[in-house]
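K.L.:
Each chain is listed here by its residues.
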Amino acid sequence: MIRAPLSTTSVLDEAADSVRTVASPWAAVLILTSLPYRFAQVVFTERLLRLGADASRYVNYLSFLATLSMFAFVLSRWGRLVFARAVRLAIENGESPGREAWHIKPAVFLNYLYMSAFTELVSIATMVTCLASVCCTMLAGLAIGTAELNDHPSIVAPFRSVAKYRKTFRIVIALMLVFGCALAVAAINVGVAFGIGLWLAKSIQGWDAARWTLLLDSNNRRFMLVIIAGAVIAVEPFWIAAHVTFVRKTGAEQTGDDLRAWFEELRDA
Amino acid sequence: MAVIGGGKGSAGYAAPSMEGRTPSSARREIAGAGRTRASAPPYPYTRRMPPRYCVFHADRAAFAVCMSCAKTLCQECATQWDGIWHCAACLATKRGAVKRESHAAGWIFVTVASLLCLFLSAKFMVWSGALLAGLR
Numbered sequence: 001m002i003r004a005p006l007s008t009t010s011v012l013d014e015a016a017d018s019v020r021t022v023a024s025p026w027a028a029v030l031i032l033t034s035l036p037y038r039f040a041q042v043v044f045t046e047r048l049l050r051l052g053a054d055a056s057r058y059v060n061y062l063s064f065l066a067t068l069s070m071f072a073f074v075l076s077r078w079g080r081l082v083f084a085r086a087v088r089l090a091i092e093n094g095e096s097p098g099r100e101a102w103h104i105k106p107a108v109f110l111n112y113l114y115m116s117a118f119t120e121l122v123s124i125a126t127m128v129t130c131l132a133s134v135c136c137t138m139l140a141g142l143a144i145g146t147a148e149l150n151d152h153p154s155i156v157a158p159f160r161s162v163a164k165y166r167k168t169f170r171i172v173i174a175l176m177l178v179f180g181c182a183l184a185v186a187a188i189n190v191g192v193a194f195g196i197g198l199w200l201a202k203s204i205q206g207w208d209a210a211r212w213t214l215l216l217d218s219n220n221r222r223f224m225l226v227i228i229a230g231a232v233i234a235v236e237p238f239w240i241a242a243h244v245t246f247v248r249k250t251g252a253e254q255t256g257d258d259l260r261a262w263f264e265e266l267r268d269a
Numbered sequence: 001m002a003v004i005g006g007g008k009g010s011a012g013y014a015a016p017s018m019e020g021r022t023p024s025s026a027r028r029e030i031a032g033a034g035r036t037r038a039s040a041p042p043y044p045y046t047r048r049m050p051p052r053y054c055v056f057h058a059d060r061a062a063f064a065v066c067m068s069c070a071k072t073l074c075q076e077c078a079t080q081w082d083g084i085w086h087c088a089a090c091l092a093t094k095r096g097a098v099k100r101e102s103h104a105a106g107w108i109f110v111t112v113a114s115l116l117c118l119f120l121s122a123k124f125m126v127w128s129g130a131l132l133a134g135l136r
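Going line by line, the protein sequences match chains A and B.
Counting from 1, one number per residue, gives the positions in the first sequence under my numbering.
Counting from 1, one number per residue, gives the positions in the second sequence under my numbering.
Treat the hints as calculated values from the structure; they're not laboratory data.
Covered stretches of chain A (chain B as the covering partner; in silico rule of three or more C-beta atoms under 8 angstroms from a C-beta of chain B):
id, region
1, 52-61
2, 120-127
3, 152-162
Beta carbons: idealized from backbone N, C-alpha and C, even for Gly.
Isolated chain A, as found in the complex:
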């Protein structure tokens, strides 16, 4: 499955192919496990924006919502790991994996949970500075890409695995830029999809169109947050697949697997 030298475009091409291969049913597993976390984030942000300056007086309520969102976070990380494993198996075998994609080692999950919880913590703590959050997103991408390489629980090993890819970090930055643009495009698409759905639903007799028009209006803050969450969910499979492919291709380049694949292709030709 390694077909081209390491570059941003080759990573994106092969990631798109991998997502197509594993979409059924593994993308659904990823989306289903991500939904609670994204909706918890939407609810938390919406309540926070509604409370405004009075938010500091409702700390207990907000803490409850934040704790719920952290429980959903753990579930979403498990879903991500299953999807990443499915992508990795698809890259190796060229076909959608079977039940073996479920077989996540507990140590791998724990290491990944630790790494992603750390990036989440840094990301939230530095929310005011947008640049730090972007760096954390890149770190989170490498964390999911390298997750399966850390099969012994360790505090340092996940960071070491990520640090190995510092020489090809420009590709990670390029991927970040591409997925930033993809997020904006996906948000527009999700918004348009809701608009088309509303327009089609208006043709149904007896349906309360006025109420839904108000709910799905761009002035409705909750609806806008749902659109952003929907865009993140739509882009997430490609983002994970791109990072898994990137790590796989970089590793193949280091071990000479890419050369072996190339020789095999030449021999077959």
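Chain B: place on chain A using the hints.
P.N.:
Below, chain B without anything else, positioned relative to chain A:
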């Protein structure tokens, strides 16, 4: 020094001069000289050990002794780890013990670190959120 053969005396060698020597050192010298020339073993004060063989290969001479179970081992069966010879079974036991220990510590540390990060994330969500919402 001692002169071997042809001298006066019943032992067949001349008594050495006692100048500058203690009686005990002189005795050792005499005894050593006599045995060296009288087809005695080259190291007079070490007892000759019976030949020992590998406990796993009876036809092979012993090369080392396992420091854990004291079995004699041939070159193939002996493995040096941390400067100490071990047999395969004892080495496996030691390695297993080391692995289990380090993994248990890893599990505990990573679990605690994950829970701490999640707890702090929830707290920071509220604090940062309240701060940003207040700034609006």
